Amino acid sequence: MNMSKIVRSAANLLFPFILVFGFYIVLHGHLTPGGGFQGGAVIATGFVLMFVAYSYDFITGCIGAESLHTTETIGLLLFIVTALVALGFGVTFFTNWMLDVGPVLNNPVAYGPNPGDLNTAGFIPVMNLAVGIEVLGALSVIVLYMLSGTKEEI
Amino acid sequence: MMQELLLQNLPALLLAVPMLGAFATPLIGKASGGARNLWAVAIMLATLAVAVLLTAQVLSTGTVVYTFGAETPDLTVPADSGGIPIRIIFTVDAMGAFMALAASFVGLGVMLYSFASASRSTGQNGYYALLLLLVVGILGMVCTGDMFNFFVFLEINSLAGAALVASRVDKGVAVEAGLKYAVLSTLGGLLVLFAIALLYGQYGALNIAVIASRMLFTPLDQIALVMLLVALAMKAGAVPMHFWTPDAYSMAPSSITALLVVASQASLYGVFRVVFTLYGLTLEYATIGWIIIILGVLSMFVGVTMAIPQKDVKRLMAYHAVSQTGYMLLGVGVGLAVLGNQQLLDTYGVIAMEGGIFHIINHAMYKGLLFLTAGAIFYRTGTRNLNQLGGLGHSMKWTMVFFIIGALAIAGIPPFNGFASKLMIYESVFLFNPLLAIIAMVVSILTLASFVKVFHSIFMGPRLPEYADVREVPAPMIIGMALLSLLVILFGVFPQEVVDLLITPAAGALIDQGGYIASVLGGA
Numbered sequence: 137m138n139m140s141k142i143v144r145s146a147a148n149l150l151f152p153f154i155l156v157f158g159f160y161i162v163l164h165g166h167l168t169p170g171g172g173f174q175g176g177a178v179i180a181t182g183f184v185l186m187f188v189a190y191s192y193d194f195i196t197g198c199i200g201a202e203s204l205h206t207t208e209t210i211g212l213l214l215f216i217v218t219a220l221v222a223l224g225f226g227v228t229f230f231t232n233w234m235l236d237v238g239p240v241l242n243n244p245v246a247y248g249p250n251p252g253d254l255n256t257a258g259f260i261p262v263m264n265l266a267v268g269i270e271v272l273g274a275l276s277v278i279v280l281y282m283l284s285g286t287k288e289e290i
Numbered sequence: 402m403m404q405e406l407l408l409q410n411l412p413a414l415l416l417a418v419p420m421l422g423a424f425a426t427p428l429i430g431k432a433s434g435g436a437r438n439l440w441a442v443a444i445m446l447a448t449l450a451v452a453v454l455l456t457a458q459v460l461s462t463g464t465v466v467y468t469f470g471a472e473t474p475d476l477t478v479p480a481d482s483g484g485i486p487i488r489i490i491f492t493v494d495a496m497g498a499f500m501a502l503a504a505s506f507v508g509l510g511v512m513l514y515s516f517a518s519a520s521r522s523t524g525q526n527g528y529y530a531l532l533l534l535l536v537v538g539i540l541g542m543v544c545t546g547d548m549f550n551f552f553v554f555l556e557i558n559s560l561a562g563a564a565l566v567a568s569r570v571d572k573g574v575a576v577e578a579g580l581k582y583a584v585l586s587t588l589g590g591l592l593v594l595f596a597i598a599l600l601y602g603q604y605g606a607l608n609i610a611v612i613a614s615r616m617l618f619t620p621l622d623q624i625a626l627v628m629l630l631v632a633l634a635m636k637a638g639a640v641p642m643h644f645w646t647p648d649a650y651s652m653a654p655s656s657i658t659a660l661l662v663v664a665s666q667a668s669l670y671g672v673f674r675v676v677f678t679l680y681g682l683t684l685e686y687a688t689i690g691w692i693i694i695i696l697g698v699l700s701m702f703v704g705v706t707m708a709i710p711q712k713d714v715k716r717l718m719a720y721h722a723v724s725q726t727g728y729m730l731l732g733v734g735v736g737l738a739v740l741g742n743q744q745l746l747d748t749y750g751v752i753a754m755e756g757g758i759f760h761i762i763n764h765a766m767y768k769g770l771l772f773l774t775a776g777a778i779f780y781r782t783g784t785r786n787l788n789q790l791g792g793l794g795h796s797m798k799w800t801m802v803f804f805i806i807g808a809l810a811i812a813g814i815p816p817f818n819g820f821a822s823k824l825m826i827y828e829s830v831f832l833f834n835p836l837l838a839i840i841a842m843v844v845s846i847l848t849l850a851s852f853v854k855v856f857h858s859i860f861m862g863p864r865l866p867e868y869a870d871v872r873e874v875p876a877p878m879i880i881g882m883a884l885l886s887l888l889v890i891l892f893g894v895f896p897q898e899v900v901d902l903l904i905t906p907a908a909g910a911l912i913d914q915g916g917y918i919a920s921v922l923g924g925a
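The listed protein sequences correspond, in order, to chains A and B.
With this note's numbering applied, the first sequence has no gaps in its numbers, which climb one by one up to 290 at the end.
With this note's numbering applied, the second sequence has no gaps in its numbers, which climb one by one up to 925 at the end.
Derived from the structure by calculation, the hints contain no laboratory data.
Fair warning: this is a prediction, and the values are worked out from it, not measured in the lab.
For glycine and all other residues, C-beta sits at the position ideal for the given N, C-alpha and C.
Among the clues, some could well be false.
Unchecked claim - To give a feel for the contact side, a few chain A residues facing chain B, derived at Cβ under 8 Å:
| no. | residue |
| --- | --- |
| 1 | H205 |
| 2 | T209 |
| 3 | L213 |
| 4 | L223 |
| 5 | T228 |
| 6 | F229 |
| 7 | F230 |
| 8 | T231 |
| 9 | M234 |
| 10 | V237 |
Bound conformation, chain A alone (with noise of 0.2 Å):
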């Protein structure tokens, strides 16, 4: 059951804020509080929104629990081919390779106050978005099924 037009309206409004609050915790993991799991838990409570504000049929017809389980399953595998990328460097699993190449997310951490700079740190923002992606998948999923349990009122 679709909830009033004043609701959707509100959440249609809402939703691509949400998204972007979230993702902007999510990529700034490594410079301010947050990370992977906050970031990918606002995203997710974006998902919730359009779910209380649509009808169940609605939702999965555009989007579904199988899209959805594979967004998190391709989180997991980001995660863990990201460290295991690390062995063919010949350093130890989970080493942050990224800082031995390349320019990109290798920038020197600047010393004392500083507006704070997206390219440092090495793979720890991939391993943040990995998590993000993870995050939102799962926990949109988790509550996609509980509303699946509930009767519609006519």
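Given chain A, put chain B in place with the hints provided.
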């Protein structure tokens, strides 16, 4: 180059391989179910290969340390850290390697068996992914050298286990068992976490070797010890914290139950690691040793007496699992009780420990085998009620043979592996305290009696009309069971070789606390 890379990173690969497998399983399963099954078995084979290589490495060169996130694996204490290992370190000694080997072998048998046994259920993508994650949890617990990391893997183990227990919903009954398991595991996990916090607050470190080297056995340490022992003994299913085992073991699919037995033994390993390595000689070993012995005797006796009246074949086997855990606690407890006395340790303490540790792998093999046969019977007949079963010996000959092997092994009849380890326990415990050895023997006799009853009511008697069309189970299930029974027989016929190769180093590693500390911190 490739080979060197492999050999250098064995402890990491032991976890990374099944973890990668678990995460990729749902994606592959989306493409094709057959490819996913092959993938899961290939991953388990690779894990077993890594475990074998790692064990060989540990046995030939001593304890292997692996520092995550460092330039080289043996860089445990960075130069600028002030002598403290700041990174997560895996410390794989002979005991850990032995457990990892047992776990990955049972994992392989279970995986093959699942091919057929899970083929009729839905949600197989999740099933195989969780199965591999459960293996990750077990392997992580037995390899890690870091208390907090141990807690993390304990939680992975518990969560994957609880989800798998509930995987066959069965009108909500299995979900209830899964919830019970999850709640109790979480409670245990919280106790472990609190104990770790107490240790961390005092010693400012999480690494087992560092805590062990600074251990003072203050009252706070005693509280932490009690919490660790209670939580891990509960996860291992020792009486009086055994009440979750019958529910969880009987409601889980049989393949999962076989692996849950190994998961419980990883917690048992945790008990041994805590008392021997973390606390070592600082604790009052005679008192703690006797506490573990009493836990063991209670488990043995209560387990078997509760098993006898059961009518559900898997509940019965679950109570026997509790009873067999008692033997391991008894053997290792006797070793702990005489830890400070080198002469008694040489006379019988070490043998008792070897018996207890040998019993761990033997139990994993024959109990896993028995649960798999129970699953095979359930797969064909759809019931686990002993009063309804009968006459299956006519149609399920292979299953019957495997059941006989498992039942004789658990009762301690030669030439099966249960006899070998139980004999070591009887002989050494008799020197320590004859009464304990007599109780252990009586329990074995009761076990035999109970399994004779089960065998008779399942396989003997005339062919029943309701099971007229029952056939033998599919080949993958037979292969899974054959794999385990092969080891049951091999370990029973050549016990001395196994003890010399695996068990003696494992017992030595548990006793040698100084060696464990030195392998991480360097020096002695």
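Enumerate the violated hints, using their earlier numbering and listing them in ascending order. Violated: hints 9, 10.
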